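A.B. asks: Build the full structure now, drawing on both the sequences and the hints.
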Amino acid sequence: MKTISALFAAAALLAGAAHAQVTVNQPWVRATVPQQKATGAFMQLHSSAPARLVSASSPLTPNVEIHEMKMEGDIMRMREVAAIALPAGKTVELKPGGYHIMFMNLKEQVREGATVPLTLVFESADGKRTSMEVGAPVRGLAAGAPSASPASKSHGH
Amino acid sequence: MQRFSLRRQLLLAGVLGCSLLLGACDRSSPPVFHGSDVTGAPYGKDFRLLDPDGKERTLAEFRGKAVAVFFGFTQCPDVCPTALARAVEVKRLLGRDAGRFQVVFITVDPERDTPEVLKAYTAAFDPSFLALYGTPQQLAETAKEFGVMYRKVPTGSSYSMDHTASSYLYDPRGKLRVRLPHALGPHEYAADIRTLLKPD
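Just so you know, the protein sequences line up as chains S and Y, in that order.
Residue 139 in numbering that gives the first Met the number 0 sits at position 140 of the first sequence, with consecutive numbering throughout.
Residue 1 in numbering that gives the first Met the number 0 sits at position 2 of the second sequence, with consecutive numbering throughout.
In case anyone wonders, no lab produced these hints; they're calculated from the structure.
All of these numbers come straight from a predicted model, not from anything done at the bench.
Keep in mind that the hints are not guaranteed to be accurate.
Okay, derived cross-link-like pairs now, DSBU-like style, lysine-lysine, Cα gap no bigger than 35 Å in a straight line [claimed, not checked]:
1. Y:64 to S:127
2. S:69 to S:106
3. S:127 to Y:44
To give an idea of the interface, some chain S residues facing chain Y are shown, with a C-beta separation under 8 Å as derived from the structure [to be verified]:
4. 39
5. 73
6. 99
7. 122
8. 140
Think of the CB as a built atom: it goes at the ideal place given N, C-alpha and C, for glycine as much as any other residue.
C.D. replies: Here it is, written out as structure tokens:
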């Protein structure tokens, strides 16, 4: 028993010392039409230890921001946020209806099927920053539409 | 969402009641909507704005169709494409009645939403969707008429627009009947449109 608890202690120590391991799943960017100047990136983030997404950049445009969309009553409000908190072991979704990474002042059209290079900067609880390169595929303008809620099926009269 | 499920239960109870009593609930009972019934509301009577070809458009030309009007802007990555994608799904759900449904998208950001951008944007969802714009003055008047809030909000490098995200639904006679919150899905939208398209 002693050996096992010692092992656990060692593992816990190691985990504490290691940087927060962040995984990025299903990143995607919404396509634009010609002359449309802005679009958003969406993804799922998962961190092994408490961390924050503090910035993002892309060769697409120098103006990449982190935004949060909130509904207040029937008013849609969009705000730039300084960071997105990533609690340990929890998946944080950047999706329509919440957070997204915003590309502003686009110089050219973002076409469906292309891949947008994205650098994400994460900060762990001890203030250490690590960056991660992600290739986000571009999906059609209508991507991420709300799927039909199963509860409303009873109304198909 | 609890409110909606309660409404659903009430609706179901109403439908059951009608079938049991056979004819007890006839034309005299008002239709039940998923959105808010705003029949007779003093706002949203009409709009007079330009389409991307520069032609003036008003509500009157859509008689015989159910019309969904909503406000947004093309630089919006979230609510606006979601609303337009929902409208595509609503059209699909309407099936044969899809030809009697018109989508009108009014930009609250005429500064960046040029006619070219607007046309390409709505056409990317469905070529039948109509995008409208106006001068800042015309937009302000339209928003006032609809009770719509819109406001420029600066961000680090540009700006975003806060705006009312609900849809306004008109019956084939051009009367405003339902206000649908953004939270509702395509099935709820399609059901309310079908209710409006039913002959009296």
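A.B. asks: Hint numbers the structure violates, sorted upward?
C.D. replies: Numbers 1, 3, 7, in rising order.
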